[in-house]
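Student: Read off the chains here:
Protein chains: 4
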Amino acid sequence: MIKVGIVGGTGYTGVELLRILSQHPEISIQEITSRKEAGMPVSDLFPSLRGQVTLKYCDPAETKLDQCDIVFFATPNGVAMQQTRALLNRGIRVIDLAADFRIKDVSVWEKWYGMPHACPELVEEAVYGLPEINRDKIKQARLVANPGCYPTAVQLGFLPLIKAKIVDTDHLVADVKSGISGAGRNAEVHTLFAEASDNFKAYSVTGHRHLPEIRQGLSDAAAQLVNLTFVPHLTPMIRGIHATLYARLLANVDLQVLFEGHYANEPFVDVLPAGSHPETRSVRGSNLCRIAVHRPQDGDMVVVLSVTDNLIKGAAGQAVQNMNLMFGLPESLGINHIPLLP
Amino acid sequence: MIKVGIVGGTGYTGVELLRILSQHPEISIQEITSRKEAGMPVSDLFPSLRGQVTLKYCDPAETKLDQCDIVFFATPNGVAMQQTRALLNRGIRVIDLAADFRIKDVSVWEKWYGMPHACPELVEEAVYGLPEINRDKIKQARLVANPGCYPTAVQLGFLPLIKAKIVDTDHLVADVKSGISGAGRNAEVHTLFAEASDNFKAYSVTGHRHLPEIRQGLSDAAAQLVNLTFVPHLTPMIRGIHATLYARLLANVDLQVLFEGHYANEPFVDVLPAGSHPETRSVRGSNLCRIAVHRPQDGDMVVVLSVTDNLIKGAAGQAVQNMNLMFGLPESLGINHIPLLP
Amino acid sequence: MIKVGIVGGTGYTGVELLRILSQHPEISIQEITSRKEAGMPVSDLFPSLRGQVTLKYCDPAETKLDQCDIVFFATPNGVAMQQTRALLNRGIRVIDLAADFRIKDVSVWEKWYGMPHACPELVEEAVYGLPEINRDKIKQARLVANPGCYPTAVQLGFLPLIKAKIVDTDHLVADVKSGISGAGRNAEVHTLFAEASDNFKAYSVTGHRHLPEIRQGLSDAAAQLVNLTFVPHLTPMIRGIHATLYARLLANVDLQVLFEGHYANEPFVDVLPAGSHPETRSVRGSNLCRIAVHRPQDGDMVVVLSVTDNLIKGAAGQAVQNMNLMFGLPESLGINHIPLLP
Amino acid sequence: MIKVGIVGGTGYTGVELLRILSQHPEISIQEITSRKEAGMPVSDLFPSLRGQVTLKYCDPAETKLDQCDIVFFATPNGVAMQQTRALLNRGIRVIDLAADFRIKDVSVWEKWYGMPHACPELVEEAVYGLPEINRDKIKQARLVANPGCYPTAVQLGFLPLIKAKIVDTDHLVADVKSGISGAGRNAEVHTLFAEASDNFKAYSVTGHRHLPEIRQGLSDAAAQLVNLTFVPHLTPMIRGIHATLYARLLANVDLQVLFEGHYANEPFVDVLPAGSHPETRSVRGSNLCRIAVHRPQDGDMVVVLSVTDNLIKGAAGQAVQNMNLMFGLPESLGINHIPLLP
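Chains as they are written, first to last, in my numbering: chain A, 39 to 380; chain B, 39 to 380; chain C, 39 to 380; chain D, 39 to 380.
Hints may be right or wrong, so weigh each one.
Which copy is meant is left open, because identical chains are indistinguishable; a pair holds if it fits in one copy or across any two.
Cross-link-like lysine to aspartate or glutamate pairs, in silico, DMTMM-like; alpha carbons within 20 angstroms at most [stated by the list, open to error]:
no. : residue 1 : residue 2
1   : K149      : D336
2   : K177      : E162
3   : K102      : E75
4   : K74       : E226
What the hints contain is simulated information worked out from the structure, not anything from laboratory work.
Can you build the whole structure from these sequences, using the hints too?
Tutor: Structure, rendered in structure tokens:
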């Protein structure tokens, strides 16, 4: 059994990690830390876990994380970078579900996240945990930077086009809609039910932190700088991301064949039949990304529709997928849930 | 492997049966029938099942249900009673998720369901499939009448009080709220999103078909006729039932001890600590019923709060729980999902 | 023009007061105060008011409330009682939308609200602002205690039965469901969209602050103490209250005739035809209370269904109705909006 | 008083027309027709209208529409074109809220709407009822084609850019999200609450009927053919449209000044301050369109955010705005409702 520790875990990423890991056949959750909730059973905070998870939150000062094989950070940005060096030095592997190790250019990271980076040298070592790109590197990694929710859906949708070099990468558009859980479990007015329900809005049009992450990933894939307009929106549902992606076609290619071929061997990317429109609920509660590709009116614009559950393929599920790879387990082990519909 | 057939299965009970049974380790789904959708892959109707269920709906006229060990009817009321006799005669067990075999008094059934009963003789044989009452009988049954969603939540909440003979059973009140999926997957105006969202209403106050079913169950438990006022409501959520139950206390009993004792050995009934308020989402996607008991202001009224997922403990999950009992499998096998929260 | 001041007004009651009063033909809003938002245009906080309300929040220390004819307190409990005496002394009338003046027994108020009362002598003078009971007193009042949202829906539903002395007032049950806006615009975890959506729960079963208010109102109407079990619930919609009320009948009366007669002359209470089920959306955005009365199965239990918009008839609309009465204006002036459906 | 007739009116556009017109000071609603609901009071179908609208639906065969001054068609596509000629011949003006007269090229219309046109000669006469473009023509019109909901939000967002000739009109992108009421009040599975709630999806990516309408309007404004990719989506809210519009900038212009100038005198278009993100709820229940314009990262892509209430500015409200213009009434008369928030 692999011994797992979780730092943080009072948010939605935390409860999903607990739900998934507590049913994972090769895992033993050793402990979960929270300064604020120390001493409280996790099932008091998340009654869905009653009878399944008997852990209590423990004080970070009293943890025995050094007895774990792997530690997940389900913390705000800026926490993992403080503690990762010590864990790695003890031979413990780390997956950070926050953004500390996602951006290779530390100055870019510091600009978007508004703080100095505590361990720039580890940024270089960290592997960006999108298995559909970096599977082999993840298998060897000590430190994985788990991708953001928007970047996962957007990159998986654009990748086949960019790898095939058939679109204008100077004017990509990603119009992305997220469920409200993406904003986290923090008490804020704008995500109250009475504010966010029966309502739709864009936000951060001038620049969202996931923009440099997406741009980095797509530029790597293109082997040149890409230019992306990324507009995130809040939509009144709990879970789910729907990316609608636009790119100008430069070549006449059978897009359906391209996408199906690109993802033929991927366990968690499902390319739908031509003409389909994936719904976010078709992946609710699962680690799947479902994708459809369109060329409206046979024009020169390709439209890709890509949906994920932001808390699973966009966070906790992908983290466990990465863990499976890092420990040589079957990639789908413990994350093969069927979506809950309706 | 137990060979399973499903009759019907184009509604929400059907997709949940498929989701649960396709992951059940001792089950092989042989076929699923639908006259209307014959030939269509089930995953075309329910994209959540893509990659997990490869069955197509088959025409009822061409089924090989007689090669199954058990057949589930996920059909409208009145269908199972037409076909059950023939299946039983071939040694095939039957679980009806509709109402055909729930009411022992056939004249009462005919009055509430508005049709003559096709096989009254089987009504007597049928076992009412609430394991918390009839576990031993279910184990021996050939034919199980799976309870309705409202009756499950209401009976589980009232049973400890009634068995203990400490409440006035002439004036029970069950005020129950259901998610919209309880109305099924039929195209109707009143369950459209734009009608049912941001809205709340009672319905069938003058008499709902689940009233005689609840009354029968509680009267059996009380060994005398009980009198119940049952008011169902539609609440704008997909899944979940919340029963708020009121009864006048006739004796001074430690209610918390009573409830915890009554359900101490039940795998799917969770009595919450004193002072709790169960939320429907704490059972979403699971076979659990969570219950809290209150005595407000230390008065003579006891208030029981009982929540279930109407599609699981209120339908498909309980059906599989019954199947497990009928075939001597561990009762929780394949239905031990952790609720999906948020 | 009547000069109006609003104290508070950064919450949902505030924005509704502004929406209603800014369209009221006999009103001029002089100022609105908020310590926290002083200097901010109200339309920055509530973009729905852009182009219609040009006021800014002003600092309470700099207000000229003493130049108003009437002041509305849309503040947390405990604020109005600090400032009302001074306003009344200057001849300014006051309507408190919070609870400071609702409970006549000051010791009861202090127990439920957890603070000493600052002006018990004004509690006696204050008129409870339910026009359907106290219309004449409201016309003469200097100080009106605007009722709570739950108490409005519950009292209007029970009153005809209690006045007619035909129900057992020792065992009344009020099972009431509220939209999430009833919890206010404060940043709290339990009212986040991702917590409250697709979810249903009861709360405060052991005792909610509106219980003594309802009990006082019904006891006054009965001219004897009544005993009530009141269970509030949160339902995933923005606005609306649905009260389901249960009482044991002691006499054989035509309930439909009773209710229609009782409310024949009320501009804002609509008794639906026999057999109806009022929906909360049928009053959304309006000052109406719609009521239906049932006697299920011709038994001895009467069931009353009563719906309101919690922010209007349950708060801001009723406050303006009271103001109209206090100033001799037509009772419906400025609050005759047609509900918004769908 | 202007005598108004409504043909159809059992859908959401109908109930909104009734809500608005019944409060309009210069209007008398003479009759409303519906074959299916003939004889039923409209308030039985729409309880929100109880006490405000006493009309019954009348049989189309028995109508006295010829005594009206104006007739609104709130019918499915293809109905108005059958009846308009006769009405115009009697001197009655007509506003069609469906699509019969929107597309000038009849062959294009016939292709997208799948039927032959019954009166091509009237298509030429009909004025496209977007007052922000055609105000003067509308004032003189006998026949107005009320715009579609998507085309209203999209055109109002793009117009200032196109009129100023500063964007590449060969690669416009309109990513638009609509509330579910846009799909109408027809009983269909895909718009059931349990299907559409907690879900997000695109639809008709290969081609939606509003595409040729938008293209026509923008091409007229550009005085050349424009090329548009239009992707509509369903979002789980009742009302509201949010258009996110993308265009490549060809010139360096102060976009904020451009937009504020363009709409300076428009009563129903509100250009928000720079940096804003309009929310659909900020126009809920009103005839407003609120717009913000962004140039992310100072790049060459302009992003316009445009929101409306699809049932009002996108349908019934705009129709009444057109009627006001046709009859020389103040343009805002009877449609100056303040949005309902929360």
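Student: Would you pick out the hints that fail for this structure and give their numbers low to high?
Tutor: As far as the earlier hints go, not one is violated by this structure.
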